[in-house]
Amino acid sequence: MKNTKINVTALILIAIALSAVYYKHEKLGLPLKPAEQSEVWTVEAKLRFKANGGPAKAKFYIPREPPGFIKLNEDFISSNYGLATEQDELNREALWAVRRAKGKQVLYYRMELTRDDNGSNRRTKPRPPYPPVPNYEEPLGSAIMAVLNEVRSHSADITSFTRELLLRLNTPQPDQNISLINKAGHGSVEWVRQLIQILAGARIPARIVYVLPLQDLVKHGTLVPWLEVHNDFEWVAFDPVSGRQGFRDDTLVWRTGDDPLATIDGGQPAEVDFSISRHALSQVSIAEQWARQTESRLMDFSLFALPVQTQNVYRIILMVPLGALVIVVLRNLVGLATFGTFMPVLIALAFRETSLLWGIIMFTMLVIVGLALRLYLEKLKLLLVPRLAAVLTIVIMMIALFSIISVQLDLERGLSVALFPVVILAMTIERMSIVMEENGSQEAFKLGSGSLIAAVAGYLVMTHEWLGHIIFVFPETLLIVLAITLILGRYTGYRLLELWRFRGLIREADKP
Amino acid sequence: MKLPWTRLRELGIVGMNQRNAEFIMPYNERRYYPLVDNKIITKQRAIEKHIPVPELYGHIELEHQAAHLPSLLAPYSEFVIKPANGSGGNGIMVIAGKTASGHFRRSNDNLVNLDEIKHHISNILSGMYSLGGETDSAIIEYRVKFDPCFENVSFKGVPDVRLIVFRGIPLFAMIRLPTRHSDGRANLHQGAVGVGIDMGSGRTNYGVMHSRPIKEHPDTGFPLAGIQIPEWDRILEMAATCYELAPLGYLGVDLVLDRDRGPMMLELNARPGLAIQIANGQGLEPILKYAQTLGTIPASAKRRVQIGKEIRHKFSREPA
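Keeping their order, the protein sequence lines are chains H and G. With the working numbering, letter number 146 in the first sequence gets 146, and the count goes up by one each step, no holes. With the working numbering, letter number 151 in the second sequence gets 151, and the count goes up by one each step, no holes.
Since the hints were made in silico from the structure, they are not lab data. Treat the hints with care, since some could be wrong.
[What the hints assert, rightly or not] Simulated pairs of lysine-lysine, DSSO-like, Cα-Cα distance not exceeding 30 angstroms:
#	chain 1	residue 1	chain 2	residue 2
1	H	381	H	446
2	H	219	H	59
3	G	145	G	49
4	H	219	H	104
5	H	446	G	156
6	G	156	H	379
7	H	71	H	219
8	H	446	G	215
9	H	104	H	59
10	G	215	G	156
11	G	215	G	309
12	H	379	G	98
13	H	381	G	289
14	G	98	G	118
15	H	24	H	57
16	H	50	H	219
17	G	289	H	5
18	G	98	H	381
19	H	57	H	46
20	H	24	H	71
21	G	118	H	379
22	H	59	H	71
23	G	309	G	145
24	G	2	G	302
25	H	24	H	219
26	H	381	G	118
27	H	24	H	5
Note that this is a predicted model, so its numbers are computed, not measured.
So that you can see chain H by itself, here it is in the shape it has in the complex:
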């Protein structure tokens, strides 16, 4: 009776989902598999500023023929602003203007790029004059000259000179002269500016170039300074930290020169934020088709119509129902005991930030250390809420310590913990310690490892590439997830672990 109703509902849901998927796949050609080869980057720059109330003008540098990339498409989203673009031989600028603007203003620039491995347009312009030798202050001047002389004797031309200089300045064991020069942090803008000054000491023309490192699912990217020197024929790029020649494959040259990235007339200085995402070429070309093909109503409701930043969030959020389904299966079909119902899903989300193995190590270590400290707090006889707050504070301090140690050990992973759900960790520690006290450490260990297993299973499902692709391109498949959840909601059979629990009864009954 009730079950038939649920089964029919589930069937209808699945039918709707499958027909939508079929339609989108067959008629609109959306791929069922994530494309492997040509990838497309969507880069979105967001310009925010406060306007004073009168006329406002915003000038913003945008990439001009970035080396190594082909621009597929670009968009300016600027509501009531008038837009013009200008370019010179170096840079390109977007100029937004409006007669009246007051309060918070948001302007977007979005471009889609794909790598171009054949094109090698040399950067030759402009041909610079040789810079005069700057008047360095003493004792800096002598130090620079000493280093330059040494470098000169170890190099043959401008390219090898620059590389040698960078290697020397970046050496982990600097000598006296170099430590005198190295004041600014390696890789910072000031550092690159100083490099240009130093190169001027050898009369080598150099300039700063700002590049954007391309990484999938970045929400708040920033531009990174790069160094270019002119070798009489063309501009040669160098990584200011590693001294490697050329631009890396995953960096997008945004602009050349050192003027402010954005200038605002009639408003407060602007904040600029970059978000980046990557997808397969086929998907994007389709997304473009959608934008033009307005006949199909289905397309107006696609997630690709959202800003990239929001898209990235949805790529994660849409996977959460799958994580919840994993929990349903583990709890109601397997019978695994966990702390809290959906706490493992949250831990699994945290694993996204840290990678699986590292996440497990960190989770276990944090819980163990936290438990030890919590047991000590028990002796102090604190009230519940202050105790929870104390555990939370300890957890946060431990995470900070973790990051510091991992930097010392050159483990970059330790830095990605920032988003580890500290409150959830604190609650886990608190609950685990209560279970430990009440039901013994065995029970606490059982629940703790159950949670961890559920979190790992949730992580594996939620980060599955194909599932992620299907859910994002065909969000209606969530109806299938819903249908499965409904059906499982009426499952009254045994849980897997109950077979083990009641094994004694079977054995007794089987006795002759």
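Fit chain G to the known structure of chain H by using the hints.
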């Protein structure tokens, strides 16, 4: 060779999912849960129905009431402190006596002072042991002196009788005996021994510990089978009456046997566990399914006890 789940199905074992979907959800209305979740309410309603319960010494609802603790506890050397909304036997502190130095002796022979008792109470009040983590109140009550009939088969702690009362009919019973392993707790998954009780006679039959059948108590070595529970019919009647104070169709009733005051109702449970099947070596399903088909249920608790015995007799297993 049959698959294990087919075997379990044949034995009529009810799993967690089936219990929730087929017995708890249709028979236990959520609005009655507070009647069993809050032990103060349960106690009051039990007294109205003339069901004996451990005497209430004090009820602490606010932190500052703990200041009166010394005068409140002065007349008693034995008592139990527990959360009003606790679950699974958590947060219970049993005080078995006082020492000359003014310390309290816990049932596990640890000494505690008044401050530690106060801290325990404030933990209870802040909701550490309550079902939803909400603020709670603490109950101080009579400590049951257990009946000598269990002396040989329990290690510390208090053995209790658990009954499953379905639609007001007591249908299953077991006794839970604390062991050294369970640290004096009567909780089966913590290592207490569960012993099934024959509904008709009130005699113990099967013993089970950690899902394995056992014949003797692991700590005392005395046989578990054949113990006659005193006042068995009175116990069954009390359990049947509990349905009237909390109209939950699938109800767990926990009773204790006091040396002086006879059987007493300790607490009710809206989600009784499934271990009782292991202790009885028999599945709940056919019996509950049969009881589902019964038309009207008599209003008299005595009649319901009779029906329960008849049903169990009808489904009794062949003598092994």
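Practice item. Please name the hints from earlier in the document that this structure breaks, with their numbers sorted from lowest to highest. Key: 13, 15 and 24
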